[in-house]
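In the order they appear, the protein sequences are chains A and B.
Under the working numbering, think of the first position of the first sequence as 1, with each following residue one higher.
Under the working numbering, think of the first position of the second sequence as 1, with each following residue one higher.
Warning: the hint list may mix true and false statements.
Heads up, incomplete: computed chain B residues facing chain A, CB under 7 Å, no partners named [what the hints assert, rightly or not]:
id : residue
1  : 177
2  : 194
3  : 198
4  : 200
5  : 203
6  : 211
7  : 213
8  : 217
9  : 231
10 : 233
11 : 235
12 : 240
13 : 243
14 : 270
15 : 313
Reference listing, derived: stretches of chain A covered by chain B, where coverage requires no fewer than 3 residues with Cβ under 8 Å from a Cβ of chain B [unchecked claim]:
id : stretch
16 : 37 to 51
17 : 197 to 211
18 : 288 to 300
It should be emphasised that the hints constitute simulated quantities derived from the structure, not laboratory data.
Cβ atoms here follow ideal geometry from the backbone N, Cα and C, with glycine treated the same way.
There are 2 protein chains.
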Amino acid sequence: MTYPVSQAARLDLSSDVVTLTRALCDIPSVSGDERVIADAVEAALRECPHLEVLRDGDAMIARTHLGRSERVVIAGHLDTVPIAANLPTWVEGQGDDAVIYGRGTADMKAGVAVQLRLAATVVEPVRDVTYVFYDAEEVEASRNGLARLGRTHPDWLVGDFAVLMEPSVARVEGGCQGTIRVEVEATGVAAHSARSWTGRNAIHAIEPVLAVLTGYTPREVDVEGLVYREGMNAVGIRGGIAGNVIPDRCVVTVNYRFAPDRSLAEAEAHLRELFAGYQVTVTDGSPAARPGLDRPAAVRFVTAVGGTPGPKYGWTDVALFSELGVPAVNYGPGDPSFAHKDDEHCPASQIVSCEQSLLRWLTTE
Amino acid sequence: MTYPVSQAARLDLSSDVVTLTRALCDIPSVSGDERVIADAVEAALRECPHLEVLRDGDAMIARTHLGRSERVVIAGHLDTVPIAANLPTWVEGQGDDAVIYGRGTADMKAGVAVQLRLAATVVEPVRDVTYVFYDAEEVEASRNGLARLGRTHPDWLVGDFAVLMEPSVARVEGGCQGTIRVEVEATGVAAHSARSWTGRNAIHAIEPVLAVLTGYTPREVDVEGLVYREGMNAVGIRGGIAGNVIPDRCVVTVNYRFAPDRSLAEAEAHLRELFAGYQVTVTDGSPAARPGLDRPAAVRFVTAVGGTPGPKYGWTDVALFSELGVPAVNYGPGDPSFAHKDDEHCPASQIVSCEQSLLRWLTTE
Chain A
1 MTYPVSQAAR LDLSSDVVTL TRALCDIPSV SGDERVIADA VEAALRECPH
51 LEVLRDGDAM IARTHLGRSE RVVIAGHLDT VPIAANLPTW VEGQGDDAVI
101 YGRGTADMKA GVAVQLRLAA TVVEPVRDVT YVFYDAEEVE ASRNGLARLG
151 RTHPDWLVGD FAVLMEPSVA RVEGGCQGTI RVEVEATGVA AHSARSWTGR
201 NAIHAIEPVL AVLTGYTPRE VDVEGLVYRE GMNAVGIRGG IAGNVIPDRC
251 VVTVNYRFAP DRSLAEAEAH LRELFAGYQV TVTDGSPAAR PGLDRPAAVR
301 FVTAVGGTPG PKYGWTDVAL FSELGVPAVN YGPGDPSFAH KDDEHCPASQ
351 IVSCEQSLLR WLTTE
Chain B
1 MTYPVSQAAR LDLSSDVVTL TRALCDIPSV SGDERVIADA VEAALRECPH
51 LEVLRDGDAM IARTHLGRSE RVVIAGHLDT VPIAANLPTW VEGQGDDAVI
101 YGRGTADMKA GVAVQLRLAA TVVEPVRDVT YVFYDAEEVE ASRNGLARLG
151 RTHPDWLVGD FAVLMEPSVA RVEGGCQGTI RVEVEATGVA AHSARSWTGR
201 NAIHAIEPVL AVLTGYTPRE VDVEGLVYRE GMNAVGIRGG IAGNVIPDRC
251 VVTVNYRFAP DRSLAEAEAH LRELFAGYQV TVTDGSPAAR PGLDRPAAVR
301 FVTAVGGTPG PKYGWTDVAL FSELGVPAVN YGPGDPSFAH KDDEHCPASQ
351 IVSCEQSLLR WLTTE
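Extracted from the complex, chain A is given alone in its bound form (with noise of 0.2 Å):
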């Protein structure tokens, strides 16, 4: 299934959100295929006049020279998963009860609406704003715009605070979890099963491995008032040369989802203390964020926005942002489990009070 590229695309900063929301998502831009996307909103962005446009690629910030005493940063990626058949876009329900279904209404588009809208509207805010669009968030991490931009112009990305507008059901949600992946391998001896004592079975040998597995006990943590939920999973395990052979090689996969309470060099020695006997080789991994929600500017986020801000059990780029030294929280439209799913779908009430909420945030001292 291929969805034809726009050669070219225009976006009205005048509509309201979720006609802006709609037509972001009409632009097909599948990771790697941003540049009509960026294209439109460097653009729009450009025909106004109080912000500050600069482009890498096709990641770009836009951002207010007001001389407020605290900046502010608001970002979101251009790209999506594969397009399933879901675009364009089309509506279901009506009025406060309307739905936008298609690629990208979720994950994140309606918060790229509410970005460009505030970005054209809010002309004097009450702290500086960086708004930060970017390339290839849903592909491998040596890719993403954003880590692209931490690398080549950091001082695009500074800032007090944070807000990432993934979807999180316009619920704040803190921090996020990291997670490390280990092969956890036992060798044996192979040889013949009919003489199977000649020999010694490293299938038999990983029991202990997966013993410790079940017998596990996830932490719960609370980091600055958010309690992560940890997981210790088996995600893979291979073992066997042939029917008649015992094996001389099995290996676990174990994926740890850990707490933000924890570097990733210390979930690594935690991997390496249980599974002490085996062989235990990191295949990846990517540092959990602290939540940062005892930080001022974090705190009067909360306030302007409402709600009871969550933990975030998935890994988002607010972990960029962290290693940046910028306290950031995830917000925005939609629930993430559409994401990349084929009904992927958005509430409109949701992208309207978002935009309402962050607009009150800005506008608010």
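Dock chain B against the given chain A, drawing on the hints supplied.
Below, chain B alone, put in the same frame as chain A:
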């Protein structure tokens, strides 16, 4: 690596058994390509007026009709596993220490050479003899030439006792283990590993299966004076969908090698009892064969060839004879642990002593 297949070949049954072994090996006959060697064997046998020769595809029998009170079967397969740059044969060492190297020397053309020498030279054996030569022993059971004869010409295989000339270091090996393979499956509920508590991990659920295997004490069973040592082993394990997904399925393949006091059905029942609560699917199985060494014909054989019989741990075609109601043993030159290896070989002295032992048996009341 391919090896040119001979277009025609001639065998001289008056040559010594070691020379005949090399001549047989030097006619390549990888399973499926037995035509040339079968033609050569048939032609050589048809020169013996005391034998009736009957052929089916690339399998054949040659038998005496002397009206003896006992008929014995001496069987061997003509095919080999693929050649590994180990033909034509070569000799290392001299005199009593000479060793013949090359594909088929152990498994089992030395045995076939002994059969052919006996067929040609023992014109008036004290017991009637049926010599069986067959194809496709080294591949899937459905192609096995002996099994085919059992289906199409069961009368050709009738006898009071059978000797299968598989390599056994010239020691009588009685009966054979049975083998059965099952897949033991655990199921779960898939979920994102960042919210693992919303799923149920199938790899974790397989842990009790591995615990059963590691805690299992294999039986050592005395069957008619031979001690069979069983084996219960995982020979494969697989599970996992992706690095961030709680797996909903995990499958362990278990191979049970069982002593001849159990039928295939009893072996299956034992596995189902061991892994109660899991889905158990039989993927394949072959029954064991009792040694049959208590039969008068077997006693006479063991007395004639000498040595102490032992159990056969692998599965061989003696089980096919057993199904036909013919007690059978393995007895042949060559060490089975070198079968299928690149350095396959057979001591010349073993071939000579096997020929002498069987000659004694066929010529002594």
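A quick look at each hint next to the structure:
At its closest, the beta carbon of residue 177 of chain B sits 6 Å from a beta carbon of chain A; the interface hint therefore holds under the 7 Å criterion. Taking 7 Å as the C-beta cut-off, the interface hint given for residue 194 of chain B holds, the closest approach to chain A being about 4 Å. Annotation: interface hint on residue 198 of chain B violated; nearest CB of chain A at approximately 10 Å, more than 7 Å. Among the interface hints, the one on residue 200 of chain B is violated; its C-beta lies about 11 Å from the nearest C-beta in chain A, farther than the 7 Å criterion.
Taking 7 Å as the C-beta cut-off, the interface hint given for residue 203 of chain B holds, the closest approach to chain A being about 4 Å. With 7 Å as the threshold, the beta carbon of residue 211 of chain B comes within range of chain A, its nearest partner Cβ sitting at about 6 Å, so the hint holds. A hinted interface residue such as residue 213 of chain B counts as satisfied when its beta carbon comes closer than 7 Å to some beta carbon of chain A; here the least separation is about 5 Å, so the hint holds. Interface hint at residue 217 of chain B: violated, since its Cβ lies 12 Å from the closest Cβ of chain A, which is beyond the 7 Å cut-off.
For residue 231 of chain B, the interface hint holds, the least distance from its beta-carbon to any beta-carbon of chain A being 4 Å, beneath 7 Å. A least Cβ separation of about 5 Å between residue 233 of chain B and chain A falls short of the 7 Å threshold, and the interface hint therefore holds. The interface hint given for residue 235 of chain B is met, as the beta carbon of that residue sits about 6 Å from the closest beta carbon of chain A, less than 7 Å. A least Cβ separation of about 3 Å between residue 240 of chain B and chain A falls short of the 7 Å threshold, and the interface hint therefore holds.
Satisfaction of the interface hint for residue 243 of chain B is found here, the shortest Cβ-Cβ separation to chain A being roughly 6 Å, below the 7 Å cut-off. Of the supplied interface hints, the one on residue 270 of chain B is violated, with its beta-carbon coming no nearer than about 16 Å to a beta-carbon of chain A, more than 7 Å. Here the hint on residue 313 of chain B is kept, as its CB sits about 5 Å from the closest CB of chain A, short of 7 Å. Proximity of the stretch 37 to 51 of chain A to chain B, defined as three or more residues with a beta carbon under 8 Å from a beta carbon of that chain, is not established by the 0 residues found.
Chain B is given as covering the stretch 197 to 211 of chain A, and this holds because 8 residues of the stretch bring a CB closer than 8 Å to a CB of that chain, at least three being needed. Coverage of the stretch 288 to 300 of chain A by chain B is violated [criterion: at least 3 residues with CB-CB distance below 8 Å; count 0].
In summary, the numbered hints that this structure violates are 3, 4, 8, 14, 16 and 18.
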